[in-house]
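Undergrad: The residues making up each chain are set out below.
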Amino acid sequence: SQKIEQNSEALNIQEGKTATLTCNYTNYSPAYLQWYRQDPGRGPVFLLLIRENEKEKRKERLKVTFDTTLKQSLFHITASQPADSATYLCALTGGGSYIPTFGRGTSLIVHP
Amino acid sequence: GAVVSQHPSRVICKSGTSVKIECRSLDFQATTMFWYRQFPKKSLMLMATSNEGSKATYEQGVEKDKFLINHASLTLSTLTVTSAHPEDSSFYICSATWREGYEQYFGPGTRLTVT
Chain A
-12 SQKIEQNSEA LNIQEGKTAT LTCNYTNYSP AYLQWYRQDP GRGPVFLLLI RENEKEKRKE
48 RLKVTFDTTL KQSLFHITAS QPADSATYLC ALTGGGSYIP TFGRGTSLIV HP
Chain B
-19 GAVVSQHPSR VICKSGTSVK IECRSLDFQA TTMFWYRQFP KKSLMLMATS NEGSKATYEQ
41 GVEKDKFLIN HASLTLSTLT VTSAHPEDSS FYICSATWRE GYEQYFGPGT RLTVT
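One line per chain: the protein sequences are A and B, in this order.
Its first residue numbered -12, the first sequence is counted upward by one per residue in the working numbering.
Its first residue numbered -19, the second sequence is counted upward by one per residue in the working numbering.
Keep in mind that the hints were calculated from the coordinates and are not lab data.
Do not take every clue at face value.
[Stated by the list, open to error] Label pairs and their in silico Cβ distance ranges:
#, chain 1, residue 1, chain 2, residue 2, range
1, A, E41, B, K21, 19 to 27 angstroms
2, B, D7, A, R29, 38 to 46 angstroms
3, A, G83, B, K35, 19 to 27 angstroms
4, A, P69, B, T11, 21 to 29 angstroms
5, A, K58, B, E39, 20 to 28 angstroms
6, B, G(-4), A, E43, 25 to 33 angstroms
[Claimed, not checked] Partial chain A-side listing against chain B, Cβ under 8 angstroms, derived:
#, residue
7, Y15
8, G28
9, R29
10, L36
11, A66
12, Q68
13, G90
14, I96
15, P99
In this text, a Cβ means the ideal position worked out from N, Cα and C, and glycines have one as well.
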């Protein structure tokens, strides 16, 4: 089965810097890779989806890259703000199943 | 954007009673809805997948007689926790999608406390 690794340690950065979060997977190459944001006590919110044949996707201050050779996706938030503080989850779909597998998430803390 | 509502947001019930949680897609028709459970500081745990008009598919280890799922229409799914016990206390979240394998839209979650 697919295994997803996200850094369990919180990422602390200063406001204005670029935050980079990592999602590594260990098995088959997913057809789609998604990133979600989750605030405490709330359901996740969809941010971006990238397909296996895409290298990069952008949306406002967000950028996602997808490297199927490294089996890794990077999630960047440029010009980070304290309001970006949250847990970010990656999810993968593929291998014949349409049901996404979620990582455990990485907590991002942006300090003013 | 796609909006999913979930009701109630919080519920406290006595041990042995049943609790129903509703999940609605407000502005789209969901081909598939998912039910998750999440423990503090843990990842989402998929409980079951449901399609409108058919029986839910439960993940291994999830008791289908305890967690009853009814996907009545393309916009409504319900999860009933039957004969609730304190160990059922958790954060339950539903999600919906109209494109299998693509992004999911999550409800705000329901905090269940069984006393």
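Undergrad: Each of the hints needs a verdict: does it hold here or not?
TA: Right, here's what the structure says about each hint:
1. A hinted range of 19 to 27 angstroms is violated for the C-beta pair A/E41 and B/K21, which are about 32 angstroms apart.
2. For the pair B/D7 and A/R29, the beta carbons lie near 19 angstroms from each other, so the given range of 38 to 46 angstroms is not met.
3. Distance hint check: the CB atoms of A/G83 and B/K35 are about 21 angstroms apart, consistent with the given range 19 to 27 angstroms.
4. The hinted range of 21 to 29 angstroms is not satisfied by A/P69 and B/T11, whose Cβ atoms lie roughly 38 angstroms apart.
5. One distance hint, 20 to 28 angstroms for the beta-carbon pair A/K58 and B/E39, holds here, with the actual separation near 25 angstroms.
6. Between B/G(-4) and A/E43 the CB atoms are about 53 angstroms apart, so this pair departs from the stated range of 25 to 33 angstroms.
7. With a least beta-carbon distance of about 13 angstroms to chain B, the hint placing A/Y15 at the interface is violated under the 8 angstroms criterion.
8. Among the interface hints, the one on A/G28 holds; its C-beta lies about 7 angstroms from the nearest C-beta in chain B, closer than the 8 angstroms criterion.
9. A distance limit of 8 angstroms between C-beta atoms decides the matter here; for A/R29 the minimum to chain B is near 6 angstroms, and the interface restraint holds.
10. Interface restraint check: A/L36 against chain B, minimum CB-CB distance 5 angstroms, threshold 8 angstroms, status holds.
11. For A/A66, the shortest C-beta to C-beta distance to chain B is roughly 23 angstroms, which exceeds 8 angstroms, and the interface hint is violated.
12. Among the interface hints, the one on A/Q68 is violated; its C-beta lies about 21 angstroms from the nearest C-beta in chain B, farther than the 8 angstroms criterion.
13. Because the beta carbon of A/G90 sits about 7 angstroms from the nearest beta carbon in chain B, less than 8 angstroms, this interface hint is met.
14. Checking A/I96 against chain B by beta carbon gives a least distance of about 14 angstroms; that is not within 8 angstroms, so the hint is violated.
15. Of the supplied interface hints, the one on A/P99 is violated, with its beta-carbon coming no nearer than about 24 angstroms to a beta-carbon of chain B, more than 8 angstroms.
Checked against the numbered hints given earlier, the structure breaks hints 1, 2, 4, 6, 7, 11, 12, 14, 15 and satisfies all the rest.
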